[in-house]
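Read off the chains here:
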Amino acid sequence: MKVSEVPQDITYYNGEKRACYALDDQGNYVVVPSSGWEAEAIVNGLAMEDWEARLAQIRKEVLAGRQSPLSYYMELRQMTPKILGQTAGIAVFRVKRHFRPEIFAKLKPQVLARYAKALAVSTEELQKLPQTPKGR
Amino acid sequence: MTTELTCAGKPFNHLHASHCESGVTASLFQDKGVDLSEAMAFGIGSGIFFGHLPFIKMVGLPVTTYRSRPGTLFSKVAKRLGGKFVTKKYYNFPWKTDRTKEGMDDLRALLDSGNIVGLTTNIYWLSYFPDRFRFQFNGHNIIVLREVKDGFRVADPVLDHPVDCLTEDLERARFARGPLESKGYMYYAKSVNPKPNFRKACIDAIRDSCNMMLRTPFPFVGLMGMRYLARQIIKSPTALGVREARRRLANVVRMQEEVGTGGAGFRFMYAAFLQEAAALFGSDELAGLSKEMTSIGDIWRQFAVVSARVIKERGSGEETFAKAGGLVLICAGREEQFFRDLDSVAGKLKA
Numbered sequence: 001m002k003v004s005e006v007p008q009d010i011t012y013y014n015g016e017k018r019a020c021y022a023l024d025d026q027g028n029y030v031v032v033p034s035s036g037w038e039a040e041a042i043v044n045g046l047a048m049e050d051w052e053a054r055l056a057q058i059r060k061e062v063l064a065g066r067q068s069p070l071s072y073y074m075e076l077r078q079m080t081p082k083i084l085g086q087t088a089g090i091a092v093f094r095v096k097r098h099f100r101p102e103i104f105a106k107l108k109p110q111v112l113a114r115y116a117k118a119l120a121v122s123t124e125e126l127q128k129l130p131q132t133p134k135g136r
Numbered sequence: 137m138t139t140e141l142t143c144a145g146k147p148f149n150h151l152h153a154s155h156c157e158s159g160v161t162a163s164l165f166q167d168k169g170v171d172l173s174e175a176m177a178f179g180i181g182s183g184i185f186f187g188h189l190p191f192i193k194m195v196g197l198p199v200t201t202y203r204s205r206p207g208t209l210f211s212k213v214a215k216r217l218g219g220k221f222v223t224k225k226y227y228n229f230p231w232k233t234d235r236t237k238e239g240m241d242d243l244r245a246l247l248d249s250g251n252i253v254g255l256t257t258n259i260y261w262l263s264y265f266p267d268r269f270r271f272q273f274n275g276h277n278i279i280v281l282r283e284v285k286d287g288f289r290v291a292d293p294v295l296d297h298p299v300d301c302l303t304e305d306l307e308r309a310r311f312a313r314g315p316l317e318s319k320g321y322m323y324y325a326k327s328v329n330p331k332p333n334f335r336k337a338c339i340d341a342i343r344d345s346c347n348m349m350l351r352t353p354f355p356f357v358g359l360m361g362m363r364y365l366a367r368q369i370i371k372s373p374t375a376l377g378v379r380e381a382r383r384r385l386a387n388v389v390r391m392q393e394e395v396g397t398g399g400a401g402f403r404f405m406y407a408a409f410l411q412e413a414a415a416l417f418g419s420d421e422l423a424g425l426s427k428e429m430t431s432i433g434d435i436w437r438q439f440a441v442v443s444a445r446v447i448k449e450r451g452s453g454e455e456t457f458a459k460a461g462g463l464v465l466i467c468a469g470r471e472e473q474f475f476r477d478l479d480s481v482a483g484k485l486k487a
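Residue numbers (my numbering), protein chains in the order written: chain V, 1 to 136; chain Y, 137 to 487.
The shape of chain V in the complex, shown without the other chains (with noise of 0.2 Å):
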């Protein structure tokens, strides 16, 4: 790749900037930053919308109440049942039965708060969905 060559097609990195080796004319390899390439952002695209498909759905599961507000929170976070449970220090499969709407509910404030500092949300917040559909 040619200094020439460093893609500069888009603002991706939103104003950061990333470093590449290039060949300089003298054919030297300097550091060069490039602002983004369409290539990378095709496929990262395809990442972020498979994953905001996902946040959508569930979304619409936790409304349509057949998942608890958890599992939205856990998906938006971008971890498995495995990180959170790590995370929170409660049992995988005590994970799994929390995304039941009916289950959640009742949980004990304690188990809200140890969920809640893990997904680094307020306990309140927890218990609903977000007004916006994605907000970190």
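Calculated from the structure, these hints are not laboratory results. Among these hints, one or two may not hold up.
Per the computed footprint, the stretches of chain V lying under chain Y, defined by three or more beta-carbons under 8 Å from a beta-carbon of chain Y, are [stated by the list, open to error]:
| id | segment |
| --- | --- |
| 1 | 16-22 |
| 2 | 35-43 |
| 3 | 65-79 |
| 4 | 82-91 |
By construction, the Cβ of each residue, glycine as well, lies at the ideal position given by its N, Cα and C atoms.
Guided by the hints, dock chain Y onto chain V, whose structure is given.
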């Protein structure tokens, strides 16, 4: 290059690197007065690698890696250049389950005593990153310079300037759980050999890399792994359905270009290392191999472009998967020849 003050009031030159671990390693050595570039750190740490591991899944997709296991690069550089580093991990015990406070207190004490400290963190909780880079990955390395109000001044080599990180974020990032969890891993230099033997380190590192790529008796890593990935890509649309095949291919390219690789899955960075090594030894053969690595990197880039087209063109073209897989096969063939040549060249070099 941005200059920043550390806790001890010493100036610290922020290094804009393309990869976190080699960047942090190079920065720590530079801070101790050893002239070590990022590419050199990457080469001496034997960072170049390939692996496609279908049995380890991240976000439900098989892991593809273009670099050695996180953590090994740093320890290999430290060993080969004779740097004494103090490392610390906070394991959980049944009688001691949350060690976050202990870990943060130790960090503050180290900063107060004038050290800059390297940390391994989870990238999701580092909120100074743009959202689309944040995902649950427990192997991002950063350097902490000093404590500021409500947080820490952090030199993240992937960004081109130092940033502030909230204490709360850093706590979560250091002690995040999940695969490859870092357990608050931190490291700082105790003493560094001011005149390391670069020539010997380079030879050791090159031979180590050749061994890993050519002679690992395990079908998912090295060149065998590359050919395995090529076969998987070629048969993926029929075996998995086009939609799933697209997701998997996207993930491969994502690991190659997205996660701080300097382009083409570290191949350009390794070429830069070989160029520096060629100057060090005055070897034309190494310079030639650096050029060869650059052209292999260009094929990897082409693979990324072809894959991006395959992914974008919804619903059409099974032969393009074959084309993408074919490019990986070409890379495998060229890299096999490359590493064989490199191995024989390294055998002739004198330390």
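Hints versus structure:
Counting residues of the segment 16-22 of chain V whose beta carbon lies closer than 8 Å to any beta carbon of chain Y gives 7, which reaches the threshold of three, so the coverage claim holds. Counting residues of the segment 35-43 of chain V whose C-beta lies closer than 8 Å to any C-beta of chain Y gives 6; at least three are required, and the coverage claim holds. Residue count for the segment 65-79 of chain V with a Cβ under 8 Å from a Cβ of chain Y: 3. That meets the three needed, and the coverage hint holds. Given a C-beta distance limit of less than 8 Å, the hint that chain Y covers the segment 82-91 of chain V holds, as 5 residues qualify and 3 suffice.
Taken one by one, the earlier hints all hold for this structure without exception.
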